[in-house]
Amino acid sequence: MMNRDAPSATQAGNPGSFYPNHLFVESLAALAVFAATVLAAYVWQVPLEEMADPGDTTYVPRPEWYFLFYFQLLKYFEGPLVVVGTFFLPLLTLTLLILLPFLDTSPTTDIRKRPCAAALSLAGVVAVVALTALSVVEDESHVDKIVLPPITEEQITAGREIFNKFCMLCHAIDGKGGFMAPDLTQIGSRANRAYIERVIINPQIVSQTTIMSVIPLSDAERHEVSAFLSRKK
Amino acid sequence: MSRIYKFLDDRLNLSPLLKEIADHQVPDHANPLKTPTALIYCFGGICLFILLLQILTGVFLMLYYVPSPDNAYAGVNYIQNELAFGGLVRGIHRVGASAAVVMVFLHMMRVVLTGSYKNPRELNWIVGIVLLLTVMGFCFTGYLLPWDQKAYWATTVGVNMVESIPLVGNFLAAALRGGSEVGMLTLVRFYVVHVMFLPALLVIFLAAHFFMVRRQGISRPL
Chain A
977 MMNRDAPSAT QAGNPGSFYP NHLFVESLAA LAVFAATVLA AYVWQVPLEE MADPGDTTYV
1037 PRPEWYFLFY FQLLKYFEGP LVVVGTFFLP LLTLTLLILL PFLDTSPTTD IRKRPCAAAL
1097 SLAGVVAVVA LTALSVVEDE SHVDKIVLPP ITEEQITAGR EIFNKFCMLC HAIDGKGGFM
1157 APDLTQIGSR ANRAYIERVI INPQIVSQTT IMSVIPLSDA ERHEVSAFLS RKK
Chain B
-13 MSRIYKFLDD RLNLSPLLKE IADHQVPDHA NPLKTPTALI YCFGGICLFI LLLQILTGVF
47 LMLYYVPSPD NAYAGVNYIQ NELAFGGLVR GIHRVGASAA VVMVFLHMMR VVLTGSYKNP
107 RELNWIVGIV LLLTVMGFCF TGYLLPWDQK AYWATTVGVN MVESIPLVGN FLAAALRGGS
167 EVGMLTLVRF YVVHVMFLPA LLVIFLAAHF FMVRRQGISR PL
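Chains as they are written, first to last, in this note's numbering: chain A, 977 to 1209; chain B, -13 to 208.
Same shape as in the complex, but just chain A (with noise of 0.2 Å):
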C-alpha cells in the first residue's frame, strides 16, 4: 500500500521519473490551462456593473454560474422548507462526503464494482448539471417574458419616427439629436430588443437615478421603437 519510491529515479531517460519527466506534462497542462483562462479573460470583458446601490431593493441578484444549481434548488423549498434547503440538505451532502471512505469499504477501487459509490456519485453530478441547466433556461424565458413581433421593414420606419418625435430630444442617433442621454447609434449591438423594450417600460431598470422619463407609448408603438432600435448595430 504504502509506495516509498525507488531512489535514483531522476535520471534521462526515464519516463517515469517525477522530475523532469512528469513534472514536464503536468506543466504543460497547466500550460494548456492557463492559456486558456487568459484568452477567455481577453475575450470576455469581465463585468462590472453600478456601483452598489443599498437602497434599491428592486434589483435582482444572479450568482455567478457555479452556483447557480443552488440557487435553483432553493427554488424548490419555500416557506417553512427553506432551511432544508439552505442548511439540512448542504449538511446532508457534506456528512455523506465525508463519511465517503468510510461507508465505501469494499477493498475494490474499480469503479464497476462500486455500485452504490457511483450511482450516487453519478446522482450527483447529474443533479448539479440539471439544475444549472434548469435555472440558465429559466432564466432565459423570464428575461424574454415579453412577447414580440417578428420586425417589419414598416415597424422600422414607424419606429424611427416615433424615435425622431420623443427620443431624439435627448438621444443622439446617426450624429444628430440630443446630448443628455446615451448615444444610441449602435444599440442593437449591445442590447436586445426585449431589453430595449424592459428600458421604455421602466428606464429605472438601467440606473435607479436616470433622468429618462417614462414615454406614453401604446404596446404597438413601443414595439415599433425597439425594432427600429435593435437594428441599429
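These are calculated hints, taken from the structure and not from any lab test.
Remember, predicted model here, so these are calculated numbers, not experimental data.
For every residue, glycine included, the Cβ atom is placed at its ideal position computed from N, Cα and C.
Watch out, some of these pointers could steer you wrong.
Derived list of chain A stretches under chain B, where covered just means 3 residues or more per stretch with a C-beta under 8 Å from a C-beta of chain B [stated by the list, open to error]:
no. : stretch
1   : 1022 to 1031
2   : 1084 to 1096
3   : 1161 to 1170
Using the hints provided, position chain B relative to the given structure of chain A.
Chain B only, in chain A's frame:
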C-alpha cells in the same frame, strides 16, 4: 547554476530535501507518457497551478484596491478601465476563480472514479473537502469586493440564507455582516477573510494534502 547550487548545498544540505520532494517514480497507471488516460491524474496539479495564479493576480489587484464602500468600486473601476493590463489581470482572477471551481470538481471526480479516497487515504480525502470549502469561501467572499450592484445584492441574498439556519443563523449572519445590514464592516471582513484567513487556511491544508500524497504515494488500482 550548478555552482550556485553546490554553494547552497554545501552549506544548507539541500539534496536530501530536494530528493524527498522531486526524486521519485510516478507509477505507470498515473503517467500520461505511458497511459494517455492518466491525464486525469494531472487535475490536482492543475488545481495547484490555478491557485498560485489566483494568489499572484490577487496580490496585484490588492495594490489598487481599498476595502471601503467609497473606494472599492472606484478602485475596481480604475483597475478595469484605466490601469494598463488591469482589465486583463482582473479578468484572469475572475475567470481563474471559475477555472478553480471546475478543476477542483474534476479532481474530485477523478478521486471518486479511481476510488482513491479509500484506506489508507481517508484523511487526505477529508483534507480535500476542507480545501473544496476553502475554494468556495474564496468565491463567496470575493464576489462582494467589486462593490457593484451584483456584488452587493448577491451577498445580501447569501447572508440571508445563512440567517435561515436554525438557532445560530441570526448570530452567524450578524457576524458575517458585522451588523444588521451589508455595509462597510461587511466589506472589510469579507476582504480580510479573502486575503488573509482563507489564504492561510489554503496554505496549511495544501501542505497537509501534498505531504500525505508524498507519504502515501499515488493510489493504485486494486
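- Tell me, which hint numbers fail for this structure? 3
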